[in-house]
Structure formats: C-alpha cells, structure tokens
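Listed in order, the protein sequences are those of chains A and B. Counting with my numbering, you get residues 1 to 261 for the letters of the first sequence. Counting with my numbering, you get residues 1001 to 1518 for the letters of the second sequence.
It should be emphasised that the hints constitute simulated quantities derived from the structure, not laboratory data. Just to be clear, a hint being listed does not mean it is correct.
[Unchecked claim] To give an idea of the interface, some chain A residues facing chain B are shown, with a C-beta separation under 7 Å as derived from the structure:
no., residue
1, R93
2, G104
3, V118
Because the structure is a prediction, the values reported are computed rather than measured. For each residue, glycine too, the CB sits at the ideal point set by N, CA and C.
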Amino acid sequence: MIMWHPIKGCPTVTPMSMPAVQFADVAASRGGRGVLHDVSLSIDAGETLALVGRSGSGKTTLLRLVNRLLDPDRGRVDVDGRDTREWDPIALRRRTGYVIQDVGLFPHFTVADNIATVPRLLDWPESRVQARVGELLAMVGLDPADFSRRWPDQLSGGQRQRVGLARALAADPAVVLMDEPFGALDVITKRELHAEFRRVQRSLHRTVLIVTHDIAEASALADRIAVLDEGRVIAVDTPDRVRASADPRVLSLFGEVPLER
Amino acid sequence: MSELLAFIASHRAEMATRIGEHVVLVAVSTAIAAALGIPLGIVAARRPSIAKPIVALVNLAQTIPSLALFGFLIPLPLFGGIGTRTALVALTVYAVLPILRGTISGIQGVPAAVVECAVAMGLTTRQVLRQVEWPLALPAIVSGLRVAVVIGVGTATIASAIGAGGLGDYIFRGLAMVDRTVIFAGALPAALLALLADGALASAARLADPRRRSRRGVVVLAALVLIVLAGAWWGTASTRRADVIVGSKNFTEQVVLGELLAQAIERQTGLTVERRLNLGGTAIAHEALLSEGIDVYVEYTGTALTAIFNDPPSTDSTAVLARVRDRYAALGLTLLPRLGFNNTFAILVRRDDAQKYGLKTVSDLAKSSRENARPWRAGFGYEFLERPDGFKGLSAAYGLQFADAPRVMDLNLIYRAVAAGEIDVTAGDATSGLIDALGLVVLDDDRRYFPVYDAAPVARAALLLKHPQVAEALRALDGRIPAAEMRKMNRAVDEGKQDPAEVARGFLDRLGGLPQER
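This is chain A alone, in the form it adopts within the complex (with noise of 0.2 Å):
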C-alpha cells in the first residue's frame, strides 16, 4: 500500500501544516559562477521530490542549500520554517540524512559504526545505539549478525548503498537529501533498491530531496519532480503531469531514457 502525501496545490493540504524545506527566490554560486537563479520551491513534510535535469542544471547546489553545505546569495532557504542561516550549521546536519552516489561510507569503520556514526555524535546510550543499528540493518535488508561487523570494502556496490541509506536514517533525520545514490548501480540492483525505498518510505515517511539525471528513477520514487533547467526550475508537478508537459526542455528529458513503469 503506498500513501500518497498532499502536493502543494492540492486541496487534500493540510492548512496547519509548514513546508519542511522552502526555497524562496534562491539565486547560489560554485567557485564565482552563478548557478541558481530565482529558484522558488517547498517541498512538504514527508513528502518526496525528485530534482532532474541535466549535468550542471544545479541539481546538486540546491541539495547543497538544505543542509548548509551552501548558502545562497541571494533569497532564503527555510527548514521547519527556520532560515537556514540561522541554523547552527552542525545541529542542522544531524538532522539531515545525506546519501550521495560515492556513498562516502568511512572505509576505517566497520559497517555497524559507519551506521552508528550520528547516533554517537548525538550522545545516544551506546545500548540504544546498538539496538538502531540492528533495526537499520534489517529495514534496508541487510542481516545484522552477517554484516554489521563488516568492512565497506567487503560489500557489494548495492550492499554499500543499503549501509549508506541506513547511515542516513540512523538519527531519525526530518529531511533526507540523496544525490544520484543508485546512480552507480546495474538495472538490476537498481531496481531492487527502488523497490527497498520504497518499502521504507511507506513506513517512515521522511521528507525526502533526491537528484537524479534519470527521469524514470524520479517518476519511480518520487511524490513530484522538479525539473532543473539551466539553474532554474521549470517545472514541478506530479511524475504524471510531468510527463504531460509542453515544454520541448522537459520533453528532451524523457526522450533520452525509456520509462521504468
């Protein structure tokens, strides 16, 4: 059973509720080159947004916003309603999960440390911690007494992106931002592990920001997409109606990839 979040503009919202992330005429730069440009954009609490478009769209950059990897130039970027300026940075972050393609799992700690690593930053009792652990492992299908003493490099691409999703939920993070994190993946394992996002996401229902350059991966995970277009955003709306859309930019995208339901 899935449970489809409201989307904004839906008459299904809840009045009450705040947008847990808002960008609002964002404009950010990398290394003195403007990037993002009047980017506007919230995303709902427990709700999943696919950011698509093509390498150098700003996908990545605008990821970067939520956890103050980045901060803009210009406009604000809001989470639970707060700037995220005035965010202390490192308590943001540890409520913020972060998966990217590379993984990035510590590679000198074992499988069940590199899970354990926010929960210990956190002060959590180590028994709590254990047991967070072993309940992680089993959600994203990973047997604990196999592989939580396990070293990174002893895991399959598929196994180290199941680690690093864990990793990313340890601390019970509202918001998870994931970039390109099965984009190193075979179809198969892909597929598989879209299917496991989903199984969990059903469960925990996180506010989720994946990027991803694949069309297909975004309709098959996400609640809506935003489609990235030269640093601005062109489009956002359910899969379906994105896929319905006019515009010849957004229609390229779909041109490229075979869709995967």
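Since the structure of chain A is already known, use the hints to place chain B on it.
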C-alpha cells in the same frame, strides 16, 4: 669481523653511551619535526596556496649540506653553539620535509566523498579531522616518519662533527685513523638502529590499523619503545657534565693530542674529563670554546693567527705567539705553553715522482710545473684552499702552475689520493704519520712561505681560574713533544692501528715526571 667484535667488547661502556646519544638525537629531533611537520602539513593540505611555498622552503632547507647547515647554525645565539642542541636543530630541519610531505599527501589522499559525507553528517571540523582524516592519513604520515627516522639515523652520524656525540664519533675517528674496524663500529650499529626504528614504526602502523587493532600489541610496542628511549636517555644523562671538557679537531694528531691533554689532566688533578674529539674544523673548535661547549683544545699558532683572527701570516714564531696570545686573551681565552713541535704545512709528492723529476724543494716543483714536464694534478683539503696562507699564497709565492684547478678533498683521504695516483701534489701536515707510511716525501719550503704552526693548548680563562690545577697539569707538557715524537704517535695510530688513547697513555708513561695513571 673478529676485530670488530673485539673492538666492541673493549669499548662496551663507551659504545652504549654513543648508541644512547644517537637514539636520543634521532628520537628528539624526529619528535620535534613531527610536532612541527604534522600540524603544518594538515594546514597546508587544506590550503594548496600555502602548501606550495611551505614545501618549497622546507625542500630548500633539505638541500643544504649538513656541514654547511652546522656552519650557519653555530654562530646563532639561540640555536647555535656546538653540541646536542645545534645538532637537534639541524636534524629537525632535515626530518621536517618527509613528515610534512607524508602528512599533506595523507590528508589529500582521503577520498573527497568520505570527507563530504562526514561534513554533511554534522561532524565538526575537529571531528572530521580526528575521526576521519587523521586515521585515513595515518599510513602516509607514518611512512613520512619512517623516512625521517632513517634519514635521521644517517644524518645524526655527522652530528659528531659538532661534538654532539653519537655513533658518528666512531665513523669520524675511524676515518681519521684510516681504520675500517672503527668505522664499522660506528656504521654497523647505525645501520641496525635504522632498520630497528623503521621496523618498530612499521609495526606501530600495523597495530594502528583498525582491522588488526590489538590492544595488547599496542601496549607491548609502546612499552618497548619507552624502555629503549628511557635507556637511551639514561645512557646519556648519567654521564653528567664533567669538570673539564677537552676538544679536538678531526684528524689523527688532534685526536691524539686531545687524549694527551685529557689524560694529563686526569693523571695530575683527579678532575673528571669529558672528550669531545673529532670536531669538524678550526672554526667549529673555536666556536666551541667561545660557547663553552669545550674548555680546552690544541691549536696551532699560525692557524689561530690567520684562520681565526684574520691577521696576515708570519714566519716569526715569537711574534706570532705574542700576537695570538693577546688576541685570545681579549676573548677570555688563554694560550698555554707550546707543546714543542711546529706542524706546518708540508707539500707532498710520491717518492718515485720526486726521484724521477729531481724534486727536493717546492721551487723544484714550481720549475717542473712551469716547464710542463708533466701535468701536475693537485688536491687540497677544504681549509687549505680557502686560507690566505693556503693555496693562493703558495702558488703566487712559488709560481706554481697546475694542469687543472685543484680538487677539493677530505683531509683524511688526501694522502691516500696521492699514494694512489689520483692526484700528484697535496699539502699535508708535516707531522702526519702517513707520510712515511705511504711512501710520500716532503718538499722543502725553501722560500719559507709557510708560517709557523706551533702547537699549544688554548683554554677558557674562566676554567683555569676555577681549576688552577688544570693549567699546572698542562704546563707539565711545555715543550715535551718534539716533532719526531708527534710523527711517531701519529704513525702508531694511522699505520699501527693503535687506539689514540693507548698511544697517548704510552707517551705519558714514557715522559716521566708525571704521576702514573690512577
């Protein structure tokens, strides 16, 4: 090999001290270099714009030859002087580069994705460094440390030239005596030390690896290292500062004379005497006196006049003596009575060359060189080429013409180079035992070009005031060492392979008028 074992057996106590000094020199300098290089490397790894100039600077320091570096350091007020402190500064300079490089490449080698995740997960900058970058960079840092330690063990042998002790004492002594056994006695333990230190660091790195982390291993290794360091420290610290420190320059005669002074003082006064023999040259020995690194050594009047006081050379021995004594007095140093021989320079050629070309005097050689009877190739020690009373004055006074610019050679190798035919002419010490031993002849200085080089002890006046009996003891040697005796002693060491201490003891026993050894 059996000679080496015999030498080690008979020098057990001294060798333990030298090894201890060596270990302390390397351990302390590497520790300081790590304390500087690792933080610097971490900063530089994050800011490549800073890294470049820093690495360039450290690189540059690395290229300074070690003796030149000592030369720079000795006159400096805080780091200078002679002895352990200066040696530590120099060794630290050399150890910084590999550690800095290891740290920079280690930190930069941490995968960007791993660091990005660490930051994004909410690790503070400090936590990223401590929990992620440091452990992942550690293998590279340790290899930097290993290189630094191995270089350090080798370079520390040169520290002997500025009186810092260590195994270099044997190497320099062996070179001065042309005795392979003594060289090996320094070189072999140094090589073993390098291997041992390298191995210890390698196993430390293995134990630090999270996959193989073994608490017991770490404890055992740490305990071992601590024991070695403590032993080394004790070995050096237990030799408390002696009442008198006798120095010498780094050639046979000086070492023998150093022993002679030391034993003369020991026999007659009962004061404790420390020996800092084999200092790397006149300037270093003189600086050592001024900085109180040593209390007394034997200098030659002509050398003091020209090389230390930059006065024009002179052939009038009384005038030179008076002048030098005054100049020393102004520095708080006392020139004691002359020992009795004049170690002037001697121009040396092979005996067969001398016969073939009928050479008896330097003028004969000059004539032959101008007539181009054959291309004469010359080679000299570093000092002789630079000194005003050295090569330049000599060739001007006699009109010598050599085939090429003279080669620069180590004083200890120069006699052998002539004997082996690598060069044909050199300037040696008139009292060298090798002259007869290697079949060389002295050409007469018929134009009286070379000034007098009367040997005499020079001591710190403050020491003589504190221990007047030292002056008394040294006065007992007044005029008691004629040139023939000196040459005999030199030959006993250079050719007879006798220990300089033994030779000096034998001489003092024969001398009479002194109490027998206590």
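Hints the structure violates: just list their numbers, smallest first. The structure breaks none of the hints.
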